Each structure stands twice: as structure tokens, then as C-alpha cells.
Amino acid sequence: MIIPDDELIKAFRDGNDIAFITLYNRYKHAIYNFCLKMLANSDTAKDAVQCVFLKVYEKRDQLQQPGRFRSWLFAIARNECISNFRKNKIFSPLTDDIAETSPDSSISSVDRDREIALVNSAIIQLDPDLREVIILREYENLSYREVGDIVGIPEKTVKSRLFRARQMIYEILKPLFSERS
Amino acid sequence: MCCSDKQERITSFIDGELSTHDQMELFKHLTTCPDCQSFINVMIRMRDIQKREQINYPAEIDETILSHLSSVQHPWRSEAPRTTPAQATRTRHRITLPIPVAIGAAFAAIIIGFLISGIFYRGSGTSAVTTNLPPQYAQPTAVIFYYSMPPLEVTSTAVVQTRNDNKQQNY
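Chains as they are written, first to last, in the working numbering: chain A, 1 to 181; chain B, 1001 to 1171.
Since the hints were derived computationally from the structure, they do not count as laboratory data.
It is possible that part of the hints are untrue.
Here are the simulated SDA-like pairs of lysine to any residue, each with C-alpha atoms no more than 20 Å apart in a straight line [claimed, not checked]:
1) A:46 to B:1056
2) A:46 to B:1047
3) A:159 to B:1047
4) A:174 to B:1056
5) A:59 to A:79
6) A:55 to A:33
7) A:159 to B:1040
8) A:28 to A:66
Bear in mind that the values here come from a model prediction, so they are computed numbers and not experimental data.
Turn these sequences into a full structure, and let the hints steer you where they fit.
What follows is the structure, encoded as C-alpha cells:
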């Protein structure tokens, strides 16, 4: 039996640590994936995930609507990534883990991992404001409304940013994919 | 890039946000536009590749989060004055009692202390108290000492008595 988020959040707000751990296990992969895609560095992503969940634990009373827990959680993760960018004064992350493969090297022998690296390298080349919407939409399957809640923009802006992000990704990937095929 | 409007619709289609009517129009357009075909192919392929990606979650984050849980300041404790670990240890063992219970416990402790001291100093205690106090107070004090002493005396005589009996039986 899966306990709904709402009940877990109520228990968590009442001080039940087991409820917090259950929520943590439920969302840790998604938050780590998001931070890793945004920051493109596993060590920094690990630190960010730790900060995110510790902030969630500390600020449990600030969650007014338990139904929007996922959006609230991703908003904290997004803020953590942005503060990380500002701290390091870089907005195009120095890649080490998810884009260590150079897209133009030995395209003919591209295997599955290489294809994944190509897509990741294309996402990393986006500006953070485009990168975050494409990650939230493509990898986390969030709705336009949820993405808008997290980023703090209207749904129309989400849609237009997604379009711009996909256009840029298309421009990057099109020559690589056509060479492969 | 041409067909900007159509490609915007392609992204809506990929997200499942396009109406049936618009989908039909888009499909018609796709049959005649190689650029839009290429665009949708790249987008679909990208999505397939994303689905195949598996990211391993670092186990050390679990350990760090769980170890930090105990050290995080709870919101409902945030208004309380912060204490050092040593202070926290001391306060953990502090017992708080209601005032009447505390007074009763204090009196009980005094009486017990008084009785114990009577056992060890029975001779001098009885004589000093009974001789210095007025007669109306001497009697209750003597009663307290009386009740504290006899069991010891009885026990000791009983032991001596039994030992003597055993000796007699042995002989």
C-alpha cells in the first residue's frame, strides 16, 4: 500500500521522522537527477541534494499546501542550483560527469551511452532558464502548471521557453544524429 | 529555421497539449515539410534516449541525510533558547515535579534522614532529645526512635538465639 503524499506530509509536519524518510526515498532520485542535469557535476549535485532535503526538513512549517509538495520540493532544488551558480559565478556549468564525452568524437561508433552523453551535452549548453524547464518537463514529466509554479512564471512562458529550448537542442543534435544515421 | 509556428505545435504535441483538430492539421503539414519531419524525429529520438538513461543514486547521500536528522533544529524548538550539548545532557536528566509533591518529597526525605540518623545515634539521640525537650514533645520523639530500633534488636536476639539452639543440638 502506497501512502499518499498528503498523509505523509501531515505526519512529517507533526514531527514524524519516518514520514520524512519515506518522502525522501520517494523523491530523492528525481531531485538528484534534476540537480545533476542542472549542475552537471556529481559532487556539486550531491551537496545540493543534501541541502535540499535538510531545508525541507527545517522548513516543513512553511509548506502551506501539502498537495503542492512536489512543486515546493523542486522549487527548493531549483533555488539551490541557482545559488550554486551564483556562488561559483558560472551559469554554464563546468561539466565533468554527464557530458564528459565530446559530441564530435568518433560519432560513427556511438553507442547507447554516447547517445545519452550527446543529449546531456546539448542540454548543458542551454541557458539555465531554458535548461530548468526542459529538465522538469522532459525528465520529470511535470505539467506546464507545475513547471510554472516551480520556476515562478506563467504557463505561456513555460511553453515558449520549452519551444526555445527544443529549438536549440534540435540545432545542436540535428547534425550529430544525421551523421550517425 | 522555417515553420516556427508548426514547430511550436510539435512541442505541444510532444507534451500532449495539442487538440485533436490541431493534431490533424499538424500531421498534414508533416507529410509535406522535411524540416518539421526532421524536428519531430530529433525530439522523439531525444525522448527515447532520455528514457534509456539510468542514473545511480549515490548511497552516501542517504547516510549524510540520516546522520543530519538528529542535528537539525526542529521548527517547534526554534523559539527555545539554544543550548550547548553539555547543557542539553544536563537538562535531559532534570526532573520537574509539582510544588505540593516536591514539598511532600522534601518532608519525606527529612523524616527518612531523621530515622536513619536515629538508628546510628540512638543512644545519644534519645537521651539528648528526651532530656532537653518539654515532656509533651518527649513522648512522640521517643516513639519514633522506639519504632526504628526494635526490629534490629529482635533480629539480633533471634539470630543469637538460633545459633545457641544449633550449638546445643550439635553437642
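Against the structure, the hints:
The straight-line distance between the Cα atoms of residue 46 of chain A and residue 1056 of chain B is roughly 12 Å, inside the 20 Å bound, and the hint therefore holds. Only pairs whose Cα atoms come within 20 Å are accepted, and residue 46 of chain A paired with residue 1047 of chain B is rejected, the gap being roughly 25 Å. In summary, the hint linking residue 159 of chain A to residue 1047 of chain B is supported, as the alpha carbons are separated by about 17 Å, within the 20 Å threshold. A C-alpha spacing of about 28 Å is found between residue 174 of chain A and residue 1056 of chain B, which places the hinted pair above 20 Å, so the restraint is violated.
With a C-alpha separation of about 14 Å, the suggested pair residue 59 of chain A and residue 79 of chain A falls inside the 20 Å cut-off, and the hint holds. Proposed proximity of residue 55 of chain A and residue 33 of chain A is supported: the alpha carbons are some 18 Å apart, at most 20 Å. At most 20 Å may separate the alpha-carbon atoms for a hinted pair to count; residue 159 of chain A and residue 1040 of chain B meet this at roughly 16 Å. Only pairs whose Cα atoms come within 20 Å are accepted, and residue 28 of chain A paired with residue 66 of chain A is accepted, the gap being roughly 18 Å.
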